[in-house]
Amino acid sequence: MKLIRLATKILLWIIGLLPVLFLLMLSLSEVWRFPDVVAKNFNINVFIAIVDNNTNLLATIGISLFISTVVSVFSVALGFYFSKTIAYHEKKRLWSFLAYLPFVLSPVIYAACLNYFFVVAGLGGTVFGVMLAQFIIIFPFNIILFLSHWNIRMQSYAELVSTMGGSTRQTFWKVLVPVSIPVLFVALFQSFLISWFEFGLTYFIGTAQIQTLTIKVYQSIGEANIHLAAYSSLLLMIPPLILLFLNRRIVFYTH
Amino acid sequence: MLLEVKNIRKKFGEEQVLKDVSFSLTYKETRSILGKSGCGKSTLLKIIAGLKLQDSGEIILNDQNINLVVPQHRDIIYIYQEPLLFPHLNVFENIAFGMRLRNKETSFIQEKVHKLIDELELQPQTKKMPAQLSGGQRQRTAFGRAIIVNPKILLLDEPFGNLDTETRASMQQLFKRICGTYHISSLFVTHDLKEALIVGDNFSLMSDGKLTNFANKQDFVNDELTGVKNELLFWKNI
Chain L
1 MKLIRLATKI LLWIIGLLPV LFLLMLSLSE VWRFPDVVAK NFNINVFIAI VDNNTNLLAT
61 IGISLFISTV VSVFSVALGF YFSKTIAYHE KKRLWSFLAY LPFVLSPVIY AACLNYFFVV
121 AGLGGTVFGV MLAQFIIIFP FNIILFLSHW NIRMQSYAEL VSTMGGSTRQ TFWKVLVPVS
181 IPVLFVALFQ SFLISWFEFG LTYFIGTAQI QTLTIKVYQS IGEANIHLAA YSSLLLMIPP
241 LILLFLNRRI VFYTH
Chain X
1 MLLEVKNIRK KFGEEQVLKD VSFSLTYKET RSILGKSGCG KSTLLKIIAG LKLQDSGEII
61 LNDQNINLVV PQHRDIIYIY QEPLLFPHLN VFENIAFGMR LRNKETSFIQ EKVHKLIDEL
121 ELQPQTKKMP AQLSGGQRQR TAFGRAIIVN PKILLLDEPF GNLDTETRAS MQQLFKRICG
181 TYHISSLFVT HDLKEALIVG DNFSLMSDGK LTNFANKQDF VNDELTGVKN ELLFWKNI
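Line by line, the protein sequences are chains L and X. Counting along the first sequence from 1, when you hit position 133 you're at 133 in this note's numbering, and nothing is skipped either side. Counting along the second sequence from 1, when you hit position 177 you're at 177 in this note's numbering, and nothing is skipped either side.
Hints are supplied without guarantee of correctness; some may be wrong.
Stated by the list, open to error - Which bits of chain L does chain X cover? Going by a derived footprint, with three or more residues having C-beta under 8 Å, they are: (1) 152 to 161; (2) 165 to 174; (3) 177 to 185.
As the list claims (entries may be wrong) - Within a straight-line C-alpha distance of at most 25 Å, the following computed PhoX-like cross-link-like pairs (lysine-lysine) qualify: (4) L:Lys174 / X:Lys104; (5) X:Lys46 / L:Lys174; (6) L:Lys174 / X:Lys128; (7) X:Lys11 / L:Lys92; (8) X:Lys194 / X:Lys229.
Because the hints were derived from the structure by calculation, they are not lab data. Glycine included, C-beta positions come from ideal geometry on N, C-alpha and C.
Please put together the full structure from these sequences, using the hints given.
Here it is as structure tokens:
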């Protein structure tokens, strides 16, 4: 029984790691021609060449991290706060419906609709414009995510603190936020991922001038630069993996 | 008179939940309010706590009308059926919570909380998190968290409803003892006849939104609607 469990575990790890190993092989190799089973000429020179070769990878990573971090932090913080107001509002159904609207249209169509306004406002092709566009999608996502969190139990916590003499601010910071830490981390993680892997909206509003890592991967594939695409994909996977690890640790710890 | 509730009426939609409810509460008194589920007991307590607004009627606390006073300034604490301990705080911090809200000095908090923890027989649980406690320990912690700030009135909404028979009986005795030690005035809502008789000094019966107050325990026992007579008859005939 133990052996089967161990074998299953190893198999799952292999299945999980296979795409990563494949990308690693592609990014470290110089040549991979048919009919070779594996690529040839492995060395880190490919890494160095890519970084040195005016590909602006470091700047791209920096912009991607900046956009995703700012957008996820702001949309989670504001989503958490406003979802509480909506959850206990007499017109909750209307506000919830409005929060779903960006998802009824696909983000690309949504971006196409918004593009004109962004260009007129001078936000097209700017980092701020991309962040704002992503926020318009990720903020309602957080509203929807948190709406179910504001249940009768949370309301009872708030009522209890108020009868104990706590102000609204004390209730929020001393009880509601600490009690919500696990769901806040899940929301932060999800929001970061949506922003990190966002392509259509970012491409449209950024007018291809704002180069995030995801856009870089698509471009590299389009240019048939398989090694750069593999290298970019590897980099693309690192922050989500770190977040996944942290998220698991924090959520499990707080539970 | 500590609390006077006069002609409280409350309607939810078309349903009249409270119909001219009136009663009074004196210092150090516990009034048991007996009633079935859904008869309006919780609504009454929430109105007194300021968590819900009545349609009409008056609530007078220490000779002052508190109809428009927010819950934060009423000094009336509501204890739910579920202990609702803060899951991110241990037993000590849960009990100290009200004092932390009032920015009391750490040494004062330490002294008061430890004294109360001893009274509640929670010493071995001091550093434990709520998830590590039994039902009775949780309710004792919730109880300590409420009384440490010396509220004018405690409102208890079926606080022992989720406990097993044995724990419930010991909690009822503990409640009586603590009420005596800390001179607590309280309204104790329950659907359990025996519990109402054990914890109460005075008695009321709530049925279909109407509250009947009894002058003494004997009147409560003699009234057909309270069900005490039926209960006695059952035990006699068994």
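Hints that the structure is at odds with (numbers, increasing):
Per hint list: zero violations.
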